[in-house]
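**Student:** Heads up: the protein sequence lines correspond to chains A and S, in order.
Take the first sequence: its position 156, counted from the start at 1, is 236 in the working numbering, and no numbers get skipped.
Take the second sequence: its position 5, counted from the start at 1, is 394 in the working numbering, and no numbers get skipped.
Keep in mind the hints are simulated off the structure, nothing from the lab.
Just so you know, not all the hints are guaranteed correct.
[Said to hold, decoys possible] For lysine-lysine, the following DSS-like pairs were computed, each having C-alpha atoms within a straight-line distance of at most 30 Å:
{"no.": "1", "chain 1": "S", "residue 1": "K436", "chain 2": "A", "residue 2": "K171"}
{"no.": "2", "chain 1": "S", "residue 1": "K456", "chain 2": "A", "residue 2": "K162"}
{"no.": "3", "chain 1": "A", "residue 1": "K320", "chain 2": "A", "residue 2": "K269"}
{"no.": "4", "chain 1": "S", "residue 1": "K473", "chain 2": "A", "residue 2": "K171"}
{"no.": "5", "chain 1": "A", "residue 1": "K162", "chain 2": "S", "residue 2": "K418"}
{"no.": "6", "chain 1": "S", "residue 1": "K398", "chain 2": "A", "residue 2": "K171"}
{"no.": "7", "chain 1": "A", "residue 1": "K212", "chain 2": "S", "residue 2": "K456"}
{"no.": "8", "chain 1": "S", "residue 1": "K473", "chain 2": "A", "residue 2": "K269"}
{"no.": "9", "chain 1": "S", "residue 1": "K458", "chain 2": "A", "residue 2": "K162"}
{"no.": "10", "chain 1": "A", "residue 1": "K269", "chain 2": "S", "residue 2": "K418"}
{"no.": "11", "chain 1": "A", "residue 1": "K171", "chain 2": "S", "residue 2": "K414"}
{"no.": "12", "chain 1": "A", "residue 1": "K212", "chain 2": "S", "residue 2": "K418"}
{"no.": "13", "chain 1": "A", "residue 1": "K98", "chain 2": "S", "residue 2": "K458"}
{"no.": "14", "chain 1": "A", "residue 1": "K378", "chain 2": "S", "residue 2": "K436"}
{"no.": "15", "chain 1": "S", "residue 1": "K414", "chain 2": "A", "residue 2": "K137"}
{"no.": "16", "chain 1": "A", "residue 1": "K269", "chain 2": "S", "residue 2": "K480"}
{"no.": "17", "chain 1": "S", "residue 1": "K458", "chain 2": "A", "residue 2": "K212"}
{"no.": "18", "chain 1": "A", "residue 1": "K507", "chain 2": "A", "residue 2": "K489"}
{"no.": "19", "chain 1": "A", "residue 1": "K300", "chain 2": "S", "residue 2": "K480"}
{"no.": "20", "chain 1": "A", "residue 1": "K310", "chain 2": "A", "residue 2": "K152"}
{"no.": "21", "chain 1": "A", "residue 1": "K300", "chain 2": "S", "residue 2": "K473"}
{"no.": "22", "chain 1": "A", "residue 1": "K251", "chain 2": "A", "residue 2": "K171"}
{"no.": "23", "chain 1": "S", "residue 1": "K456", "chain 2": "A", "residue 2": "K98"}
{"no.": "24", "chain 1": "A", "residue 1": "K300", "chain 2": "S", "residue 2": "K398"}
{"no.": "25", "chain 1": "S", "residue 1": "K458", "chain 2": "A", "residue 2": "K171"}
{"no.": "26", "chain 1": "A", "residue 1": "K433", "chain 2": "A", "residue 2": "K375"}
{"no.": "27", "chain 1": "A", "residue 1": "K300", "chain 2": "A", "residue 2": "K430"}
{"no.": "28", "chain 1": "A", "residue 1": "K162", "chain 2": "S", "residue 2": "K436"}
{"no.": "29", "chain 1": "S", "residue 1": "K398", "chain 2": "S", "residue 2": "K414"}
{"no.": "30", "chain 1": "S", "residue 1": "K480", "chain 2": "A", "residue 2": "K162"}
{"no.": "31", "chain 1": "S", "residue 1": "K436", "chain 2": "A", "residue 2": "K269"}
{"no.": "32", "chain 1": "A", "residue 1": "K489", "chain 2": "A", "residue 2": "K438"}
{"no.": "33", "chain 1": "S", "residue 1": "K398", "chain 2": "A", "residue 2": "K162"}
Note that the coordinates shown come from a computational prediction; the quantities given were computed from them, not determined experimentally.
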Amino acid sequence: MPSSFVPVIGLEVHFELKTASKMFCSCSADHFHRPANTNLCPTCLGLPGALPVPNQKAIEMTALMALAVGAKINRRFLFERKNYFYPDLPKGYQISQHILPIGEGGAVPILLEGEYVAVALHDIHLEEDTAKLEHHGNEVWIDFNRSGVPLVEVVTQPVLHSAAAAKAYVKRIQQLVRWLGISNADMEKGSMRLEANISLAPQPGDGKKIKLPNYRVEVKNLNSFRFVEKAINYEIERQKRVWQSGQQPVQETRGFDPQRGVTFSQRRKEVAKDYRYFPDPDIPPLELTSTVIEKLKKQLPRLPWEEEKMWQEKYGFDWQLSQTLVANAEARHFWQMLVPRIKNRDQAQKIAKLIVNKPDRWQGKKPAQFWQEWQKEQSERLGGAQLAAIVAQVIEQETKAVADYRRGKVNVIGYLLGQVQRLTQGKADPQEARQLLEQKLAKNG
Amino acid sequence: MKKGDLDIKYLAQLAQIHLEAEEEKQLAKDLQDILHFIAIIRRVDTKGVEPTFQVARKTQMSRLDRKEKSLPREAALQNAPQQKNGYFISKPIGWK
Numbered sequence: 081m082p083s084s085f086v087p088v089i090g091l092e093v094h095f096e097l098k099t100a101s102k103m104f105c106s107c108s109a110d111h112f113h114r115p116a117n118t119n120l121c122p123t124c125l126g127l128p129g130a131l132p133v134p135n136q137k138a139i140e141m142t143a144l145m146a147l148a149v150g151a152k153i154n155r156r157f158l159f160e161r162k163n164y165f166y167p168d169l170p171k172g173y174q175i176s177q178h179i180l181p182i183g184e185g186g187a188v189p190i191l192l193e194g195e196y197v198a199v200a201l202h203d204i205h206l207e208e209d210t211a212k213l214e215h216h217g218n219e220v221w222i223d224f225n226r227s228g229v230p231l232v233e234v235v236t237q238p239v240l241h242s243a244a245a246a247k248a249y250v251k252r253i254q255q256l257v258r259w260l261g262i263s264n265a266d267m268e269k270g271s272m273r274l275e276a277n278i279s280l281a282p283q284p285g286d287g288k289k290i291k292l293p294n295y296r297v298e299v300k301n302l303n304s305f306r307f308v309e310k311a312i313n314y315e316i317e318r319q320k321r322v323w324q325s326g327q328q329p330v331q332e333t334r335g336f337d338p339q340r341g342v343t344f345s346q347r348r349k350e351v352a353k354d355y356r357y358f359p360d361p362d363i364p365p366l367e368l369t370s371t372v373i374e375k376l377k378k379q380l381p382r383l384p385w386e387e388e389k390m391w392q393e394k395y396g397f398d399w400q401l402s403q404t405l406v407a408n409a410e411a412r413h414f415w416q417m418l419v420p421r422i423k424n425r426d427q428a429q430k431i432a433k434l435i436v437n438k439p440d441r442w443q444g445k446k447p448a449q450f451w452q453e454w455q456k457e458q459s460e461r462l463g464g465a466q467l468a469a470i471v472a473q474v475i476e477q478e479t480k481a482v483a484d485y486r487r488g489k490v491n492v493i494g495y496l497l498g499q500v501q502r503l504t505q506g507k508a509d510p511q512e513a514r515q516l517l518e519q520k521l522a523k524n525g
Numbered sequence: 390m391k392k393g394d395l396d397i398k399y400l401a402q403l404a405q406i407h408l409e410a411e412e413e414k415q416l417a418k419d420l421q422d423i424l425h426f427i428a429i430i431r432r433v434d435t436k437g438v439e440p441t442f443q444v445a446r447k448t449q450m451s452r453l454d455r456k457e458k459s460l461p462r463e464a465a466l467q468n469a470p471q472q473k474n475g476y477f478i479s480k481p482i483g484w485k
């Protein structure tokens with residue numbers, strides 16, 4: 081039995097595309113809170129003789145996603161039948177992609193403790209969503225409105241090694257698909273859904289590669305970022321205990337119970353994995369033409385990670401500031417409107433921090449009004465020699481707090497800053513005052 | 390079980406159907422015959438021939454993303470063996 085382990089995690093993220101109509105028919109794709117079974121036609125009901133015709137917009141949205149993550153685009157791609165028998169599938173199969181998906185490979189850059197890490201992808205494929213089921217006692221109530229809504233699945237390689245990395249990745253995917261305008265990716269409404277494959281590999285020796293374990297546990301029902309993190313951490317600990325008891329965890333599908341924060345075996349056998357994929361004879365192979373690919377390449381905006389790096393390089397932002405600014409759509413929009421007025425790094429950093437940390441200072445304002453107020457405030461700001469004198473005065477008066485600080489109670493700096501602001505009627509530049517305080521406190525009194 | 394042998398119980402489970410012993414025997418024989426037939430076809434030399442799984446056309450036409458009117462709910466539900474409050478009703482199924 082290995083003495084230490086490294087978690088090996090792969091993620092499957094599903095998101096519904098923001099199209100007007102369904103994937104293979106012209107019924108409305110808007111199913112949220114609609115009366116049950118009102119967006120249906122013979123195709124999405126799986127009636128005999130109905131023929132599926134693929135939605136061009138959905139294909140292009142999927143290809144746009146593939147381009148954004150640098151995946152290889154299969155110019156000729158296929159839809160296949162994934163066979164399984166369940167009440168959420170009226171046809172007995174789901175139309176999906178298997179051997180020739182729209183996108184293969186590619187990588188998604190995430191930020192982990194300030195470093196960019198590329199999460200390698202296996203594939204990006206397009207399929208149809210299934211019906212929504214409600215379980216009432218011994219009955220299953222079926223609403224087929226969701227059946228046939230275009231659904232993209234992005235599958236990673238087993239390259240993630242912590243719950244934190246998995247969470248950062250999922251957040252990045254949500255940010256990206258909203259950025260590209262292809263999905264609302266709303267986990268509460270079910271338009272983004274997640275599954276994680278988790279196993280533990282023996283910790284490899286220095287410089288050696290991780291040897292993938294010959295089992296994996298799939299965890300379903302992860303419908304919030306918090307649950308992803310909790311379920312993965314729970315699974316890591318559970319599997320560790322199984323290994324430590326001298327056994328290997330079994331390959332299985334587990335559900336996540338958010339109330340108890342645990343995963344539980346759904347007792348499905350591995351045979352259920354036998355989906356018997358084969359090309360759908362109703363849908364001949366499709367082609368993405370050069371014209372379409374070129375059009376999509378032109379549509380591709382600057383990507384979130386590119387914009388983060390741009391602000392880091394242009395204005396010297398640290399990674400947290402650029403990440404928060406880029407991740408918050410409203411703040412980012414306001415910031416972009418101010419950028420033309422910004423003259424230097426110092427201004428840029430002050431304004432970006434203010435926008436990120438104090439939304440009440442700009443929300444509901446026009447950029448011009450905010451700018452004017454900010455400039456006035458800056459001109460009244462107390463800094464330089466005047467501020468240094470006041471800081472010196474505070475340090476002289478507050479002997480107890482100063483002594484506490486020097487004994488290691490660094491939190492009292494907040495109190496000392498408050499004293500500086502009191503003496504300056506709140507006009508001291510907070511960053512400068514903090515710097516001055518820290519400098520003076522570091523010197524031996 | 391040898392490779393290539395049929396596990397009829399396993400197939401029945403995937404299809405969610407119940408088979409009596411007699412039916413199992415008959416179906417196993419029928420499926421074995423089909424496999425035998427396919428084994429003969431596989432002897433044909435198909436080197437350089439692309440797989441054919443449809444004959445309609447070389448590539449598919451797609452459609453524009455336009456929504457159209459759906460069926461009235463009563464029509465959608467009219468063939469349901471069981472329905473309630475506008476839902477299709479089914480028995481629960483053990484696994485997916």
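**Student:** Look at each hint and say if it fits the structure.
**Tutor:** Hint check:
1. S/K436 with A/K171: violated (34 Å)
2. S/K456 with A/K162: holds (26 Å)
3. A/K320 with A/K269: violated (34 Å)
4. S/K473 with A/K171: Holds, at roughly 21 Å.
5. A/K162 with S/K418: With Cα atoms ~26 Å apart, A/K162 and S/K418 stay inside 30 Å; holds.
6. S/K398 with A/K171: Between S/K398 and A/K171 the Cα gap is close to 22 Å, so the pair holds against 30 Å.
7. A/K212 with S/K456: holds (21 Å)
8. S/K473 with A/K269: Roughly 24 Å between the alpha carbons, so the hint for S/K473 and A/K269 holds.
9. S/K458 with A/K162: holds (28 Å)
10. A/K269 with S/K418: Outside the cut-off at roughly 49 Å; violated.
11. A/K171 with S/K414: Roughly 27 Å between the alpha carbons, so the hint for A/K171 and S/K414 holds.
12. A/K212 with S/K418: violated (38 Å)
13. A/K98 with S/K458: holds (18 Å)
14. A/K378 with S/K436: violated (41 Å)
15. S/K414 with A/K137: Cα-Cα ~49 Å, so violated.
16. A/K269 with S/K480: holds (26 Å)
17. S/K458 with A/K212: Holds, at about 21 Å.
18. A/K507 with A/K489: Holds. A/K507 to A/K489 sits at ~26 Å (cutoff 30 Å).
19. A/K300 with S/K480: holds (22 Å)
20. A/K310 with A/K152: Not OK: A/K310 and A/K152 at ~33 Å, beyond 30 Å, violated.
21. A/K300 with S/K473: Status holds; Cα separation ~29 Å.
22. A/K251 with A/K171: violated (34 Å)
23. S/K456 with A/K98: The hint holds at about 13 Å.
24. A/K300 with S/K398: Roughly 27 Å between the alpha carbons, so the hint for A/K300 and S/K398 holds.
25. S/K458 with A/K171: Since the Cα atoms of S/K458 and A/K171 sit roughly 22 Å apart, the hinted pair holds (cutoff 30 Å).
26. A/K433 with A/K375: Given pair A/K433, A/K375 is violated - Cα atoms ~37 Å apart, limit 30 Å.
27. A/K300 with A/K430: violated (43 Å)
28. A/K162 with S/K436: Holds, because 27 Å separates the two Cα atoms, which is no more than 30 Å.
29. S/K398 with S/K414: holds (10 Å)
30. S/K480 with A/K162: holds (22 Å)
31. S/K436 with A/K269: violated (50 Å)
32. A/K489 with A/K438: Within the cut-off at roughly 27 Å; holds.
33. S/K398 with A/K162: Within the cut-off at roughly 20 Å; holds.
In this structure, the earlier hints numbered 1, 3, 10, 12, 14, 15, 20, 22, 26, 27, 31 are contradicted, and the remaining ones agree with it.
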